[in-house]
Structure formats: C-alpha cells, structure tokens
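Engineer: Using the sequences plus the hints, can you model the full thing?
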Amino acid sequence: MAEKPKVAFYWCASCGGCEEAVVDLAEAILDVVAAVDIVFWPVALDFKRHDVAAMPDGSIFATFLNGAIRTSEQEEMAHLLRRKSKALVALGSCSHLGGIPGLANLFDREDIFKAVYLESPSTVNSEKVFPVTRYPHDGQSVDLPGFHTSVRALDQVVSVDYYIPGCPPTPKIFHAAVQTLLSGELPPKGTVLAPDHALCDECLRKDTKPEKLSITEFKRPQQILIDEQKCLLAQGLLCMGPATRAGCEAPCVAGNMPCTGCCGPTSRVHDQGAKFLSSVASLIGAKDEAEIDRILDAIPDPVGTLYRYSLPSSLLQRKRLKETSPQAPAVSSEVLHAGH
Amino acid sequence: MPDLHTELARPQAVFEPRIVAFFCNWCTYLAADLAGTSRMKYAPNVRVVRLMCSGRVDPQFVLAAFAGGADGVLIGGCHPGDCHYQEGNYKTLRRFRLLQRMLRQMGIEYERCRLEWISAAEGDRVRTVINDMVEKVRVLGPLDLKLPEELVETILSEEVAV
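Those protein sequence lines, which keep their order, are chains A and B. Going by this note's numbering, the letters in the first sequence line up with residues 1 to 340, in that order. Going by this note's numbering, the letters in the second sequence line up with residues 341 to 502, in that order.
Treat the hints as calculated values from the structure; they're not laboratory data. The beta-carbon is built from N, C-alpha and C at its ideal position, and this holds for glycine as well. Treat the hints with care, as some may be off.
If you anchor each label on the Cβ, the simulated ranges turn out as follows [to be verified]:
(1) A:ARG134 with B:LEU487: 23 to 29 Å
(2) B:ARG350 with A:PRO171: 34 to 40 Å
(3) A:GLN229 with B:PRO351: 53 to 59 Å
(4) B:ASP422 with A:ASN256: 50 to 56 Å
(5) B:VAL354 with A:ASN256: 44 to 50 Å
These stretches of chain B come out as covered by chain A in the derived footprint (C-beta under 8 Å, 3 or more residues) [said to hold, decoys possible]:
(6) 401-413
(7) 431-438
(8) 442-455
Structural biologist: Put into structure tokens, the structure is as follows:
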C-alpha cells in the first residue's frame with residue numbers, strides 16, 4: 001500500500017473557528033482521516049515546532065493554515081510550513097483575506113498597545129509596562145514574538161497555492177476542496193477552491209430581487225422585522241451577496257441575516273469592498289447630495305461594513321499611517337508652465 | 341512616454357503632486373480638449389484617463405490610483421441632468437459620497453479625491469479646478485502610503501527592555 005499523503009494544520013491570528021470547521025465535517029472526517037496522515041495539528045495533537053523542522057523540505061503534501069499573520073512567530077511558522085509543504089492552503093477568511101483580525105489595520109500599532117495595555121477598563125498598569133521582544137531575566141534573555149504594525153493575509157507573507165474561503169469554510173466547501181486536492185488533478189496555483197460566481201446566484205431569495213432596486217433607507221438587522229422570503233437588499237439591509245463569492249449556499253440569508261462577505265470576491269474583482277460600495281451606492285434612490293448623505297448616514301462604519309473580512313488584502317491594505325505626516329511642501333517653479 | 345503605473349511609482353526628489361484624473365468622454369474630456377486648443381495653461385500634474393462616462397469610474401480605479409502612488413484623484417463628469425447616458429453621473433455622485441466616507445476612515449484627506457461637473461464648454465473650469473486641486477494637494481504633501489510588507493521589521497528590533 002502506498003504511503004498516505006501527509007497533511008498539516010496550523011493556526012495563526014484566528015479565533016479557532018476554522019479548526020472547528022475541520023471537525024464539522026462530522027462523519028466525512030473519517031474518510032479524510034483514512035486517506036491522509038496528519039503530521040502536525042497543534043490544536044488537537046501533540047506535535048511541536050521541532051517535529052516540523054525535522055521533516056524534509058516538501059515532505060508534507062498539504063498544509064491547511066488558518067489565521068492572518070500579525071506576529072513574528074506566525075510569520076516564522078508560515079515560512080517553515082511553506083518550506084515543508086508541497087501545497088500551502090490558506091484556510092478561511094483570515095488566512096485568505098486578512099479576516100476579522102484584519103480590521104485592526106484601521107489602527108496603528110501604538111493605538112492598539114495603548115488601548116490594550118493602558119486604557120482598557122479592566123487593565124491596571126500604573127507602571128505602563130508594554131510588551132517587548134526581549135527581556136533580560138536572571139542573567140538570561142527571554143524572547144517573545146514581535147507584534148507587527150499590520151495584519152497581513154497569508155499570501156502577503158509567503159506564496160500560497162490554494163485558498164478555501166469562508167468564516168469559517170462550510171463543511172461542504174472544505175470537503176470538496178480536500179477531495180479536489182486528493183484527486184491528484186490539481187487546479188492552477190492561486191485558485192480559490194469554491195465556485196466563481198456571486199452568492200446572489202445561489203440565494204434562495206433570488207427571485208424576489210426586484211429588477212430595478214432603489215434604496216431610500218438603509219436598515220440594520222436589529223431595527224426591523226425582516227421578511228423571511230424577500231431579498232434582503234430590497235428590504236434595505238446591506239447584504240453583500242452581489243459582491244461575494246458563492247459556495248456557502250447562503251446560510252446567513254437562510255437564517256434571515258444579510259451576507260457579510262466572508263467568502264471574499266470572485267476572481268474578476270480585486271477589491272471586494274470597493275466593488276460592493278460601487279454596487280450598493282448606485283442603488284441609492286436620491287439625486288441630490290444632501291439626500292444621498294442622509295441615506296448614507298445609516299452606514300456608520302463604511303470600512304467595517306465593506307471590508308469586514310478583507311481589509312488587509314484590499315487595494316489600500318490598511319489605514320494610512322500617522323508617521324507619514326506631510327513633508328514641508330516644496331515649491332517648484334515648473335508648476336504653472338504648460339497645458340497637457 | 342512611460343505608462344501611468346511606472347510614472348506613479350517613480351520616486352521624486354522634490355515633491356510634485358501626482359494627480360490621476362478620470363474624465364468622461366462627452367463633457368469633461370472635451371472641456372480639457374477645449375482648454376488645450378484655447379492654449380490655456382494649467383498645472384502639468386494631472387494625468388488624464390478618458391472614460392466613456394464618469395459612471396464608469398469603478399471605486400477600484402480610485403483606490404488603485406492611490407495605492408499605485410497618486411497623491412490625488414479627480415473625477416470629472418457632465419452636469420446633473422446632462423449625462424449622455426441619462427443617469428451615469430448620479431451613480432458617480434452616490435458612489436463618490438460613500439467613497440469619501442470610506443477614504444476618511446482610511447486616513448486619506450477629503451481634498452485628495454474630488455468630483456467636479458464640467459461641461460464641454462467649460463475649458464476654463466478645467467484649468468481652475470486642476471490648479472486649485474494641485475495646490476491643495478501640494479499643501480497636504482505626498483500621500484506616501486506605506487504598505488504592510490514594507491513595515492515588517494519596523495521597530496521590532498528596537499523593542500528590547502533594558
């Protein structure tokens with residue numbers, strides 16, 4: 001009998017939901033476990049970093065890595081697992097796009113440290129101690145992982161072969177992806193292992209979406225009694241279905257909640273938030289600026305809404321850093337010289 | 341003539357605002373053309389991209405311009421009611437209002453992204469708008485977006501207790 005393909009799981013900046021998603025395969029997990037040999041899975045099995053380091057390069061068939069990259073330790077593990085694996089698979093929104101932890105890119109590192117270590121109501125830190133990467137103790141030095149300025153998606157750190165989208169990926173998406181990988185007929189590098197069309201296409205409420213949509217008031221789910229049959233966008237809810245990849249079969253919509261975009265964009269879109277902005281803003285039923293602004297006031301956090309899972313992988317990637325304060329403007333005599 | 345991407349990415353010794361303009365084919369581009377044929381002089385800091393309609397300006401274009409090195413983005417379309425495609429400029433306006441809110445959250449100043457209605461007859465307006473925007477962006481300074489990859493090693497090495 002041929003040797004079974006070796007598989008590894010690892011987590012970085014994530015909530016653990018993707019590990020849960022693996023277990024959510026339920027009975028199907030038995031087929032997966034029978035087909036592969038799990039060589040590293042810190043959340044469930046007792047392997048250490050040095051066990052991975054001792055493996056020959058490229059000896060792992062596939063590593064499923066969930067979570068974004070925030071610390072130097074996560075970055076180091078991403079590089080190590082990349083080297084040891086034939087295929088590195090980004091599992092879940094955080095690893096694929098930056099995910100919820102990626103929203104921290106709206107803040108600077110200093111702001112985060114201040115909020116966490118000084119200002120949070122449950123923190124008492126009168127000596128103003130902040131984390132450091134090296135600390136001398138008893139004549140020795142203790143090293144801790146460093147905290148990077150920004151959160152990054154996995155492919156902004158190492159090269160990634162495949163992506164499995166979702167927060168977390170549904171058992172169906174995950175199972176299909178694993179089957180694809182094990183089939184030996186590998187899709188081109190960089191493929192997102194899910195259908196490549198918008199979620200609206202597979203939404204059960206598709207037929208109730210009006211031909212021409214005009215929104216005069218955006219609503220939040222807690223503000224209205226949501227009609228369980230009707231298209232959520234038509235009810236004024238910010239449902240990201242039009243700008244989100246299909247494959248999940250819209251469980252949120254089935255639960256009467258709008259899609260928040262966790263599966264990321266389709267392959268034709270670079271920036272999911274900008275694309276949803278484009279689609280939803282054009283539906284606003286007003287032509288004058290004041291009225292448009294009044295309607296937009298109902299979206300208090302545009303970035304958090306449009307880029308809930310994809311800020312680090314968006315075109316701007318993060319909030320502009322404070323250190324980039326304007327230089328003293330240089331005056332040039334060439335400015336007003338010529339037309340185009 | 342280098343392409344726009346190369347041009348935006350080129351480092352500058354002295355800061356000179358780089359502005360990407362998206363002008364619609366029917367009004368603002370013709371106005372810019374009129375400004376040219378009328379030999380009007382205005383700041384050479386603008387690179388014009390002609391689109392059929394300001395409604396074609398995908399917000400991704402604006403973000404890509406900023407991410408690629410532009411210090412400002414100017415969108416020019418027909419006056420309300422004058423759109424060659426009836427409704428295109430209203431869609432632009434709606435997107436622009438939301439885009440501005442999003443850009444503010446991302447730390448990009450209001451003056452760096454501007455929407456103007458300029459008809460084909462308003463060559464002079466092209467000149468004043470461009471000159472005005474260039475000066476405002478000059479005061480703001482370079483956008484200078486630093487991306488996460490460039491920041492990895494920032495201060496970690498200095499972060500050592502003594």
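Engineer: Work down the list of hints and note, for each, if the structure agrees.
Structural biologist: Structure-based check of each hint:
1. A beta carbon spacing of about 27 Å between A:ARG134 and B:LEU487 agrees with the range 23 to 29 Å that was offered as a hint.
2. The given range of 34 to 40 Å is broken by B:ARG350 and A:PRO171, whose C-beta atoms sit roughly 49 Å from each other.
3. Remark: the range hint 53 to 59 Å for A:GLN229 to B:PRO351 is upheld by a beta-carbon distance near 57 Å.
4. One distance hint, 50 to 56 Å for the beta-carbon pair B:ASP422 and A:ASN256, is violated here, with the actual separation near 43 Å.
5. In this structure the supplied range 44 to 50 Å is violated for B:VAL354 paired with A:ASN256, their Cβ-Cβ distance being about 58 Å.
6. Counting residues of the region 401-413 of chain B whose C-beta sits closer than 8 Å to any C-beta of chain A gives 5, which meets the bar of three, so the coverage hint holds.
7. A stretch counts as covered by a chain when three or more of its residues have a beta carbon under 8 Å from one of that chain; for the region 431-438 of chain B and chain A the count is 6, and the coverage holds.
8. A stretch counts as covered by a chain when three or more of its residues have a beta carbon under 8 Å from one of that chain; for the region 442-455 of chain B and chain A the count is 5, and the coverage holds.
When held up to the earlier numbered hints, the structure conflicts with 2, 4 and 5 and fits the remainder.
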